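Visitor: In case you want the letters, here they are:
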Amino acid sequence: MKKRVISLASITMASLLWACQATSEEVNLYSARKEALIKPLLEEFTQSTGIKVNIISSKADALLKRIQSEGKNSPADVLLTTDAGRLHRAKNAGIFSVIRSEVIDQNIPEQYKDSDSQWVGLSVRARPIMVTKSAPSITLSTYEDLANPELNGQICIRSSSNIYNQSLVASLLAVSDEELIEQWAKGLVANMARSPQGGDRDQIRAAAVGQCSVVVANTYYLANMLSNAEKETDFAAGSSVTVIWPNQEGRGTHVNISGAGILKTAPNADNAKRLIEFLASDKAQEIYANVNFEYPVKAGISLHPILQKWGSFKADTLDMDKLGTNNASAVKLMDRAGWK
Amino acid sequence: MRFSNISWQLSSLSIASLIAFPLLALLWISFDASQGIWRHLADTVLLDYVLTSVWLMLGVAVSTFALGVGAAYLVTHYEFTGKGIFTWALLLPLAVPTYITAYSYTGLLDVAGPLQSQLRTTFNVSYGQYWFPEIRSLGGAIFVMSFVLYPYVYLLARAAFVEQSSSFRNAAQLLGLSQHQAFFKVTLPIARPAIVAGISLALMETLADYGAVSYFGLSTFTTGIFRTWYGLDSVAGAAQLALILLGFVIVLMTIEKQSRKRARYQSSKTHSPFEPEKLSKGKNALVFSFALIPLLFGFIVPMSQLVIWALSTYDTLFTAEFWQLVSNTLTLASLTAIIALILALVVAYAYRLTATTTTQLSKTVVGLGYAVPGTVIAVGTLVPLAFLDNTIDDWFRTHVGISTGLILSGTLTALVIAYLVRFLAVALSSVESGLSTISPNIDQAARSLGRTPANTVRTIHMPMLRSSLLTALIIVFVDVMKELPATLILRPFNFNTLAVRAYELASDERLMDASFASIFIVLAGLIPVIFLTKASLKQTH
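These protein sequences, in sequence, are chains A and B.
Sequential numbering from 305 applies to the first sequence in my numbering.
Sequential numbering from 151 applies to the second sequence in my numbering.
Keep in mind that the hints are not guaranteed to be accurate.
[Unchecked claim] Simulated crosslink set (SDA-like; lysine to any residue; CA at most 25 Å straight-line):
| id | chain 1 | residue 1 | chain 2 | residue 2 |
| --- | --- | --- | --- | --- |
| 1 | A | Lys490 | B | Leu288 |
| 2 | A | Lys395 | B | Gln474 |
| 3 | A | Lys363 | B | Gln474 |
| 4 | A | Lys535 | B | Ser276 |
| 5 | A | Lys356 | B | Ser477 |
| 6 | A | Lys395 | B | Ala183 |
| 7 | A | Lys363 | B | Leu174 |
| 8 | A | Lys363 | B | Pro534 |
| 9 | A | Lys602 | A | Asp623 |
| 10 | A | Lys568 | B | Trp545 |
| 11 | A | Lys626 | B | Ile187 |
| 12 | A | Lys356 | B | Pro534 |
| 13 | A | Lys568 | A | Gln372 |
| 14 | A | Lys363 | B | Leu558 |
[As the list claims (entries may be wrong)] The calculated label-pair distances, taken between Cβ atoms and stated as ranges, are:
| id | chain 1 | residue 1 | chain 2 | residue 2 | range |
| --- | --- | --- | --- | --- | --- |
| 15 | A | Lys343 | B | Thr194 | 25 to 31 Å |
| 16 | A | Ser445 | B | Thr194 | 27 to 33 Å |
| 17 | A | Ala540 | B | Gln474 | 54 to 60 Å |
| 18 | A | Asn532 | B | Gly397 | 43 to 49 Å |
| 19 | A | Asn396 | B | Arg608 | 36 to 42 Å |
| 20 | B | Val204 | A | Asp574 | 23 to 29 Å |
| 21 | B | Asn644 | A | Asn396 | 26 to 32 Å |
| 22 | B | Lys433 | A | Ala540 | 46 to 52 Å |
| 23 | B | Asn274 | A | Gly642 | 33 to 39 Å |
[Stated by the list, open to error] Only some residues are given here: those of chain A computed to face chain B with a beta carbon under 10 Å:
| id | residue |
| --- | --- |
| 24 | Asn332 |
| 25 | Gly503 |
| 26 | Gly642 |
Bear in mind the hints are in silico, worked out from the structure with no lab data behind them.
All figures in this text were calculated on a predicted structure; none of them were measured in a lab.
For every residue, glycine included, the Cβ atom is placed at its ideal position computed from N, Cα and C.
All chains, please: the whole structure from these sequences, using the hints.
Guide: So this is what it looks like as structure tokens:
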């Protein structure tokens, strides 16, 4: 046993020493995106630049806390998140540095960038309404319509603990009165077919078997279900709904972004910049669109055929920061409305 | 001799301080301004958090008692077909992470799952025209957790039944009690400390669970903590909720202690193990089916679902990288299990040696961590360790001129500490319940023959406690292997475990792809479980 402890201890020490050895040709990534999802992108980056990417994937808030605790000795170069609210939070925590890059200025529209250039959006995630094809006569054209009493017992939507629902409500709060939105949320809760549970795909699946006829979900989940005809039940479930782009007459469909920022304390700041520039390049944007089924931030990238079929849509141009600033109020409002 | 007592006390105290550090950090964080969050919680969701958690705990307590004690009774009292296999196989559900079992039951029983779909096509009905239990509900959570967590009760109850001398039972039967009466009046009360310890472990695990309850959409304390942190952006509010959770644990521990106080039975172990009863054919079938129930719902059903999923995806996931995951996972789990066992022995024995305020306090502190969600412990570990790292770094920069960087918080050290904070309680609980069955007369005899306390532990207690010690090792090992939230936050670069991999895929709603890693967690856990159970059996035969 003693021998074993010693050998384990030496493994620990070795990995410790190895971790201390910083070579210049690497970049350290703290990622709130799952490793499997960004792996193709990072491998492409390493292949074209020779820069090795070290990664820790976890929840955004946990990573932020880790960066804050590690302070000036943090090894992290880049923080990658899956929503604008967290980028805003990280910026507020004062951990980001200003990104100066012509490539990024050229490739990414103002709408998806921080006003002080502390973070950049890398992909757009749309959250429209989906309706079952078999549903007889559902007329829906806005998020506001989700509270209409005629949809009683028809809506499937996931928990309000989910960031995409929080962002959606935050975007509503940005354009309307809090009281009105609370009434709206209460109406929506009354229309729910079941207590919120499961993920976005589960809502689509439930709609397919007739538990509800209206779903709110991110498009890449639906696209993923439709992309794999071998998984028959999911393919069938995905095929049973159509996408309705809400609020096309008004402010547009709610979108969120995944994005990244470079840390003030980054030991490999140059490589970090190169990584973000790469993620904003045509090649990476195509991977976002065709492998992950998200909408690219850069204009002129061809979409996956599944996405093309849904047609183009008008996206809400609300300042992304608002999703962050309104997040806590949105959660409180949903608590009051009884949205679990 | 007095000197050595003091050194035991000091060791116990320093172990407790290691565990207390992250919890104190939590207290520190909770003092931050929380901007009226508390008021909001009390007005809206707090009652729901408390009630759901309480109902969940009650349900799990009753069902794990029935399943765990029932199973332990069957394998210790009867000779039936497959008993040898059941003895260790009944532990298997423990090797499956709760959230994975929850995922696979949901996949099976959900409205869109194969079972309900089959029902609809067979009977030509549509949704809403038939009744079917909702798996994603409080009842569903109690079901899933009970079948995953009953092995804690089974393990400790079985050890207690086995370590009991049969002379008590023989005496009871001589005095005219039937076998069943003897069980309820003698065997069960003697095993009570172990059973209560097992149930409280199951309950603490229930309190700390996040994966399963959040997937089921339940509002428990844990989901509330994360909602407050992530959603309301209030770390202080989340820390305050976590402290209330600690309050729950202290109540639980007090109940456990009270129950032990009233029941101090020790056998002096003049070994005459009990002879299990041989059964008629009919009874044999009956006992067999009863023993199968926990195994079926805790392991066979969810695993079959995973295997079916895995068969359709294995070629895409089976890579060399996988062995790295397996080796990372096993290394961490065995390292932590061994350290935890040693520390638990020190703390438990220091208390046995001298029941002072110091040793009592140490014991209590060590017990606290188990019910705290891994993420909370991770943050509690991270904050002070990073602070220490930066302080050391500053000192070296000014005095030696070199930067030491993050020597603790960015490495596996942080991870092992977090695991110890969370799981030392389990090891302690098992060691303690074992120690409580050894009469102090034995200690006194050994000491009067000139043995030191350390020597007594090594040569007398450890061999007698073999079964309990191995139990402690198994539980910590398996727990670490399944551990997710703390691993997710504290791990070094490019370091993944099987649980991390399974979770990342499952939480991306790719249950099928996650199944392969999940099966590996179970397989990797299987080997030590079988090995250690066999070893612990050897001693008792």
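Visitor: Now look at each hint and say whether the structure bears it out.
Guide: Hints, verified against the model:
1. For the hint linking Lys490 (chain A) to Leu288 (chain B), the alpha-carbon distance of about 23 Å falls within 25 Å, and the restraint holds.
2. About 36 Å separates the Cα atoms of Lys395 (chain A) and Gln474 (chain B), which puts this hinted pair outside 25 Å; it is violated.
3. Simply put, Lys363 (chain A) and Gln474 (chain B) have alpha-carbon atoms about 23 Å apart, close enough for the 25 Å limit, and the pair holds.
4. Annotation: proposed proximity of Lys535 (chain A) to Ser276 (chain B) holds, straight-line Cα distance about 22 Å (limit 25 Å).
5. At roughly 23 Å between alpha-carbon atoms, Lys356 (chain A) and Ser477 (chain B) fall within 25 Å of each other, so this suggested pair holds.
6. Straight-line distance between C-alpha atoms of Lys395 (chain A) and Ala183 (chain B) comes to about 20 Å, which keeps the hinted pair within the 25 Å bound.
7. The hinted pair formed by Lys363 (chain A) and Leu174 (chain B) meets the criterion: a straight-line CA distance of about 23 Å does not exceed 25 Å.
8. Simply put, Lys363 (chain A) and Pro534 (chain B) have alpha-carbon atoms about 20 Å apart, close enough for the 25 Å limit, and the pair holds.
9. A hinted pair counts as satisfied when its Cα atoms are at most 25 Å apart, and Lys602 (chain A) with Asp623 (chain A) qualifies at roughly 17 Å.
10. Between Lys568 (chain A) and Trp545 (chain B) the CA atoms are separated by roughly 22 Å; this keeps the pair inside 25 Å, and the hint holds.
11. Our distance criterion of 25 Å between C-alpha atoms is met by Lys626 (chain A) and Ile187 (chain B), whose separation comes to about 20 Å.
12. Distance check on the hinted pair: Lys356 (chain A) and Pro534 (chain B) sit about 30 Å apart at the alpha-carbon level, beyond 25 Å; violated.
13. Between the alpha carbons of Lys568 (chain A) and Gln372 (chain A) the distance comes to roughly 11 Å, so the proposed pair stays at or under 25 Å and holds.
14. Note on Lys363 (chain A) and Leu558 (chain B): the hinted pairing holds, with a Cα-Cα distance of about 21 Å set against a maximum of 25 Å.
15. A beta carbon spacing of about 40 Å between Lys343 (chain A) and Thr194 (chain B) contradicts the range 25 to 31 Å that was offered as a hint.
16. Distance hint for Ser445 (chain A) and Thr194 (chain B): a CB-CB separation of about 31 Å, consistent with the stated range 27 to 33 Å.
17. The hint said 54 to 60 Å for the Cβ distance between Ala540 (chain A) and Gln474 (chain B), and at roughly 37 Å that hint is violated.
18. Range check, Asn532 (chain A) to Gly397 (chain B): about 48 Å between beta-carbon atoms, so the 43 to 49 Å window is met.
19. Restraint check, Asn396 (chain A) to Arg608 (chain B): a C-beta distance of roughly 56 Å breaks the suggested window 36 to 42 Å.
20. Separated by about 55 Å at the C-beta atoms, Val204 (chain B) and Asp574 (chain A) break the suggested range of 23 to 29 Å.
21. Taking the beta carbon of each, Asn644 (chain B) and Asn396 (chain A) are about 29 Å apart, inside 26 to 32 Å as hinted.
22. In this structure, Lys433 (chain B) and Ala540 (chain A) meet the distance hint of 46 to 52 Å, their C-beta atoms being roughly 49 Å apart.
23. Between Asn274 (chain B) and Gly642 (chain A) the beta carbons are some 36 Å apart, a value that agrees with the proposed interval 33 to 39 Å.
24. For the restraint placing Asn332 (chain A) at the interface with chain B, the shortest Cβ-Cβ distance is roughly 6 Å, inside the 10 Å limit, so the hint holds.
25. At a threshold of 10 Å, the smallest CB-CB gap from Gly503 (chain A) to chain B is about 5 Å, leaving the interface hint in force.
26. Evaluation of the Gly642 (chain A) hint against chain B yields a held restraint, the C-beta minimum of about 8 Å falling below 10 Å.
Violated hints, in rising order: 2, 12, 15, 17, 19 and 20; the structure is consistent with all others.
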